[in-house]
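2 protein chains.
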Amino acid sequence: MEEEADIVGKAFVEHYYQLFDNERPSLSTLYQPDSMLTFEGQQILGVDDISSRLQQLPFERCRHVVSTVDTQPSAVPGSILIFVSGSLELPDEEHHLRFSQMFHLVPTAQGNLCVQNDIFRLNYG
Amino acid sequence: MEEEADIVGKAFVEHYYQLFDNERPSLSTLYQPDSMLTFEGQQILGVDDISSRLQQLPFERCRHVVSTVDTQPSAVPGSILIFVSGSLELPDEEHHLRFSQMFHLVPTAQGNLCVQNDIFRLNYG
Numbered sequence: 001m002e003e004e005a006d007i008v009g010k011a012f013v014e015h016y017y018q019l020f021d022n023e024r025p026s027l028s029t030l031y032q033p034d035s036m037l038t039f040e041g042q043q044i045l046g047v048d049d050i051s052s053r054l055q056q057l058p059f060e061r062c063r064h065v066v067s068t069v070d071t072q073p074s075a076v077p078g079s080i081l082i083f084v085s086g087s088l089e090l091p092d093e094e095h096h097l098r099f100s101q102m103f104h105l106v107p108t109a110q111g112n113l114c115v116q117n118d119i120f121r122l123n124y125g
Numbered sequence: 001m002e003e004e005a006d007i008v009g010k011a012f013v014e015h016y017y018q019l020f021d022n023e024r025p026s027l028s029t030l031y032q033p034d035s036m037l038t039f040e041g042q043q044i045l046g047v048d049d050i051s052s053r054l055q056q057l058p059f060e061r062c063r064h065v066v067s068t069v070d071t072q073p074s075a076v077p078g079s080i081l082i083f084v085s086g087s088l089e090l091p092d093e094e095h096h097l098r099f100s101q102m103f104h105l106v107p108t109a110q111g112n113l114c115v116q117n118d119i120f121r122l123n124y125g
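Chains as they are written, first to last, in my numbering: chain A, 1 to 125; chain B, 1 to 125.
Calculated directly from the structure, the hints in this document are not laboratory data.
Remember, it's a predicted structure, so these values are computed and weren't measured experimentally.
Among these hints, one or two may not hold up.
[As the list claims (entries may be wrong)] With beta-carbon atoms standing in for the labels, derived distance ranges:
| id | chain 1 | residue 1 | chain 2 | residue 2 | range |
| --- | --- | --- | --- | --- | --- |
| 1 | A | Q56 | B | Q56 | 42 to 48 Å |
| 2 | B | Q32 | A | G41 | 27 to 33 Å |
| 3 | A | Q110 | B | V65 | 31 to 37 Å |
| 4 | B | P33 | A | P58 | 45 to 51 Å |
| 5 | A | S28 | B | E4 | 27 to 33 Å |
[Claimed, not checked] Facing chain A, a subset of chain B residues (Cβ under 7 Å, in silico):
| id | residue |
| --- | --- |
| 6 | T38 |
| 7 | D70 |
| 8 | Q72 |
| 9 | F83 |
| 10 | S100 |
| 11 | M102 |
| 12 | Q116 |
| 13 | I119 |
[Stated by the list, open to error] These stretches of chain A come out as covered by chain B in the derived footprint (C-beta under 8 Å, 3 or more residues):
| id | region |
| --- | --- |
| 14 | 19 to 27 |
| 15 | 87 to 93 |
| 16 | 108 to 115 |
Glycine is no exception: its CB is placed at the ideal position from the N, C-alpha and C atoms.
The following block holds chain A by itself, in its conformation from the complex (with noise of 0.2 Å):
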């Protein structure tokens, strides 16, 4: 399992930064109605309102690059926990920003996996 865990998590963060970077509208499909988003200190309930603040980022274009993915099997049976450290590179800032974001995966009862949590921050040197 907890190959299995690091297989899928790791699978999930290239997937989830590709929609990000190239396609951020479509995120809004791995999210569900009670899932939760920190992002910078700021709390927003549910896919909808996550879907647009993601959509409100004060940047249209990005690149995420991944530095280090960690993964653990979570307590919920079949759910993951997922924690990022990389830099997210906006075309009109001459320094890359650093940054760690965390995702909890919990299955659906589609048996599919979705973000139940997910918490961002910029890393301030």
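Once you've looked at the hints, dock chain B against the given chain A.
Below, chain B without anything else, positioned relative to chain A:
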């Protein structure tokens, strides 16, 4: 529940780093036989090995300075996800080390909150 999770989560963080910086052996009281720690990519399972690893870190004295604490209730009833950013001050290091850490606190059969999942990373600039 969200507000309660936030109060409990922040109290835990203060307690955890107070023990880490002043009474490191007592951290073992916060973990369980099935707790997981991923420390800079190294996976450690169970309170005994986690406690040994934390004792063997290559510094005797340190001070954690917390910058941000974000909390969310988790899918397991009564459990809390915590995401911390901060810096680690070591006596022999001129520069502080930035870190991020996440905890998943889950209630035991006795009703105490214990660390089920713990992932720690230094943020290299």
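Violated hints - listed by number, lowest first: Hints 3, 14, 15 and 16 are the ones this structure does not satisfy, whereas the remaining hints hold.
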